[in-house]
Each structure stands twice: as C-alpha cells, then as structure tokens.
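Undergrad: Use the sequences and the hints to build the structure in full.
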Amino acid sequence: MSVPAAAIALPDTPREDRREWLVFLRRLAARRTALFGMLVVGIVVLTALAAPLVSPFDPIAQDLGDQRLKPPAWRDAGGRLHPLGTDHLGRDLLARVIFGARPALLVGFAAVAISGILGLIAGLVSGYFGGRMDDILMRLADIQLAFPFILLAIAVIGVLGPSLTTIIVVIGVSSWVVYARIVRGAVLSLREREFVQAARALGGGDSRVLFRHVLPNVLTPWLVVATLDMARVIVIESALSFLGLGVQPPDPTWGGMLADGRVYITTAWWLATFPGLAILVTVLGINLFGDGLRDTLDPRLKV
Amino acid sequence: MTTYFVRRLLQSLIVLLGVSFVVFFILHLTGDPALVLLPPDASPEDVRRFREAMGFNDPFFVQYGRFLGGALRGDFGQSIRHGESAFHLVAERMPATFELAGAALLLALVLSIPAGIISAVRRNTALDYFSTVVALLGQSMPTFWLGIMLILLFSVQFHLLPSSGRGTLEHLILPAVTLGLFTTARITRLTRSGMLEVLGQDYIRTARAKGVSNPPVVWKHALKNAAIPIVTIVGIELGTLLGGSVITETIFAWPGVGRLSVQAIANRDYPVVQAAVFLLATTFVVVNLLVDIIYTYLDPRIRLR
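Protein sequence lines correspond, in order, to chains Y and R.
Under the numbering used here, think of the first position of the first sequence as 1, with each following residue one higher.
Under the numbering used here, think of the first position of the second sequence as 304, with each following residue one higher.
Fair warning: there could be bad hints in the mix.
[Said to hold, decoys possible] With the Cβ distance kept under 8 Å, some of the chain R side facing chain Y (calculated, not the full set):
(1) 447
(2) 467
(3) 556
[As the list claims (entries may be wrong)] Per the computed footprint, the stretches of chain R lying under chain Y, defined by three or more beta-carbons under 8 Å from a beta-carbon of chain Y, are:
(4) 327 to 333
(5) 452 to 465
Don't read these hints as lab results, they were simulated from the structure.
Ideal Cβ placement from N, Cα and C applies to all residues, glycine included.
TA: Spelled out as structure tokens, the structure:
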C-alpha cells in the first residue's frame, strides 16, 4: 500500500509547539488554585509596571501638616482619598504599597535569574560528568547550606553596603543549591535513558548531548523550582529591607514600611498591616502558581 | 557501616573547613578589612597602624591560617564594641537561641505531623482543606509580619502576652509561634504528601487485605515509611529556624545570637558577626550529622551506598 507523501511528511513543528503550549496552558488553567495564583501574580506585576499610572499619590511626597498617621479611607483637605491611610510622614500608604512592589519583583526576578543559571550549570556539570567535579560541587552545596541564610546575607551586605545591586547579587549567588540539586538528580536519571545513550552511541559529543538532549529535559523541574524560589526571594528581600539592609529610604519597600509600622504599632495598626498583606498576597499567588505548575508538569517532583 | 560513619564525619569536617573560609572571607570582601572595621573618619595613619597591628599586611593564606587556628581555639578576637571575647559574647547568647529554635521545632512537630496524617487519611474532607489552606498561608507569610501582627493582637489589643524579652513561658509563646509557623507549614505539607504516597503502596493494600484495621495500618505500616523524609527535613529545617531566629529575635527583643548579630552588624562589630555565623553554621552541621546517623537506623539501605 502506498502512502501519500503528505501523510508521512513531518508535522509542522511550530504549530505543534504552539498546540502543546495551549494544551499545557489549558491544563494549568483547569486547576483553579493555579489559575488564581496566576491572576494574582499577573495583577501584582501589572501594578508594579504601571505604578505611576495607578498610584493615587506620589509615594515619597511628605505632608507633615495635618496628614500624618491618618487611618485608612481618610479624606484630606482637598477632598482626596487616602484609601489605606497615611504614614508618620504623611505619605499615602496605598501609593507606597503599590511602588513597593517594584523592588520586590525586581529583586525576585533578577536574583532568581542569577541563582537559577548558576544552579543549572552546576547541576548539569555535576550530574553529567560526575566524579571529582560532582564531589566538589556537592560539598560546596553542603557548605552553602550550612549557613543560616539571612545571617550570612546581612553580614555580607553589612560589609559591602546596602544597595539594590548588592541585594540581588548576594541573594542570587547564595541561592543556587536547590537548582543544582534538582537538576543534578534529573540529569543522573536522564543519563541512563535510551535516547541519551543513543545520542552518545551515534557519536554525539558531550556538549551536543548535554545541550540538545539533556538540557531541554531538565528545564521543567528547573522552572518549577525557580517559580517557588521566587516566593522565597521576595520574602528575603522584605526581610532585608525590614532590617534596614535593603533598598534605602525614602524609596518605598514593603519590608521598610513594616519596620516603620512596627514603631507605631500601638497607635497606627494600618502602617504594619497593609505592606505585610501585600507580601502575603504576592507570595501566596506565586506559591499557588508554582504548585500548579509542578502538579501540571511533573506531579512526582519533590520540591 | 563504620566506613559510612567515617566518610560522613570526614564530609562534615570538610564542610566546616569551608564554612571557616567563608566566615574569614566576609571581612575581606571589599579587599580591605581595615576599612570595614575602622570608623569612616579614621585617619590614614590610624588605618596604616591598625593594618599593621592586625596583621592585614600578611599574605592572604597566612591570615586565613591564623583565623582558622583562632577559630579552633574559640578565639575570634575581641568585640570592638563590648571589649570582651567575641566567642564568649556569642556563646553566652546561644542557650536563648536554642531555647527559641527548640520550642519552635517542638511546636512545629507537635502540630504538623498529626495535621499531615489526618489530612492524608481524611483526604478531600473539610479537615483536609482546612489544614491545607492553613499550611499554604503559613508558608507564604513573612515571619516578621506574623510577629508584628501577633504583637498587635495579643500584646497591644488584648494585653495577654508580653511582646518582648525572655524569662517566663509566656515570653516564649509569641516568638516560638512566629518562628515555628513556616516550619509547621512545610512539615505538614511534606507529611501529607508522604503519607498519601505510602498509603497508595501495594504493601498497605496487602495489610488491609489481610484484615489489619485502619489505625495500625496508618500508624505502624505507613507512618514508619513516611517518617524517612520527615527526619531529613527536620535537620534542614533547623537551618531555617536558626536563620529565622535573626528576624524573630529582633522583633521580640529576644536576647539570643540572632539579635546580637543584627546589632553587631549595625555597629560594624565584625568579630562578633564572624563568631555568630561560625557557631550557628557549626551547630547546623553537627545536628545534620546526628540526623544522618538516626536516618541510617530508619532506612538501612543508606548504609549500603
């Protein structure tokens, strides 16, 4: 029986790819919690990007007159509303919460990118080549994990001086271990799989096998770890700002606002409440999205 | 068996050596430790003399050797602010930190393991949903915010519990809850997923088919196997707790190593910072070594590797 040429032609790859993506998105969206997480993260990202447009006030404009420590939904003399009230310097709290999303997300994305790439490389090398390299890298991972993270971070930032770049680099460089371990584990099992063995038997060099056959298959667990780690990084950024070692005032950060709020805790509960809620909602959204991503992509993954 | 322990012990020693190097290197990050330690207004002459006195002009590895030798004898130099031995200053605060971290860990285990088991056994019931949501919230809540909210509620609003200091059991409650919540959430989720996995195994079905009733299946057959990953994470969570104590102690003015370190960093009192980081990291390494030894009793397969 003859087969028409069209029937055996290779499928149009880009369209296949797109369909695969759509199927994946549909499966992800079918999980209500993941969809909710995705929406929350989307809203936070959009708000951060459009902060000057959506913010009702200038986040660092002070009003030391009669606008200090106003409770939520207070109307000022001009009839303008402070929906979340004002802080001890008369600054609008909502504006500061909105602008505070910027350093949080920026540090989140940038630090995750650094640690993710470092960990990916370490995991690939460690899992694929094994031997001495593997021993050294895994021992380095143990050393890294031995440190109480926040303490090491504040010690280093204390020496280097706090700045946005310092925070990103310090968090990024010291968070590679989770990625390395997950990637290494995946590579170890991939290395024994038929298609990798076949690629090697066909004369594929190390770099070809590693990049063409192994790498695409470790990106799934890597992505799940990166998503969930971003939640952790955002909490750490706020913790550093809370301790005064993050982005410096007057630029608003959620952690810095919490530190202010702690001082006025007996008189102005809203100061500490809202920035904390902003962190909680953002981190919760990322966690829900990350859990959904993991359950959709690879339910057996332990992260 | 013995080879496993010897190898594991050697690994821990190598890790500690690495830890000591990192702790030493913190001061050399900017290239000039004298400028880190001295106040910004020190004259060039002072800086030069200080460098000479501290031996900062010696070759890098000579300085590290000296640091390592000191660290082994518990000598991290004098605290710049307090004028006494940095090691003693930190060691004095260790019991307070251990008390807090221990209480938080105990609280976490007491709450999370039953919660995780119930969640798994009564899957998809209201109880399961409740515990899952609480765990998710607990994992997403920043420690320092939780602490402030607890103070707002229990100290400021209802005057039930003290908001700072150490001494009585009442002083311990809020800090321990604050520090322990994240770990509670983590272990709850791990216990639930571990139990779910084990409960679906063939040998559980066999046990049930043989007529073993529900409680012994859960407690004897399933939990024993689900406990293995829990034991590992307890060791790792200790690191989270020791790190988290930095924030929790600051919020509740708890007189432990974490608060001491935050103050020391603000005062540029780096010998104290170095001693604190080194001692906490050492604690973590030693506890994890012990956890691994316990582990081999639970899972004999490990010893054979």
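Undergrad: Are the hints correct? Go through all of them and say.
TA: Now the hints, each set against the structure:
Taken as an interface hint, residue 447/R checks out: its beta carbon lies about 5 Å from the nearest beta carbon of chain Y, inside 8 Å. Given hint, residue 467/R at the interface with chain Y, is violated; its Cβ is 11 Å from that chain's nearest Cβ, farther than 8 Å. The beta carbon of residue 556/R comes no nearer than 11 Å to any beta carbon in chain Y, farther than 8 Å, and the hint placing it at the interface is violated. Taking a C-beta to C-beta cut-off of 8 Å, the region 327 to 333 of chain R contributes 4 residues in contact with chain Y, enough for the three needed, and the coverage statement holds.
For the region 452 to 465 of chain R, the stated coverage by chain Y holds: 4 residues have a C-beta nearer than 8 Å to a C-beta of that chain, and at least 3 were required.
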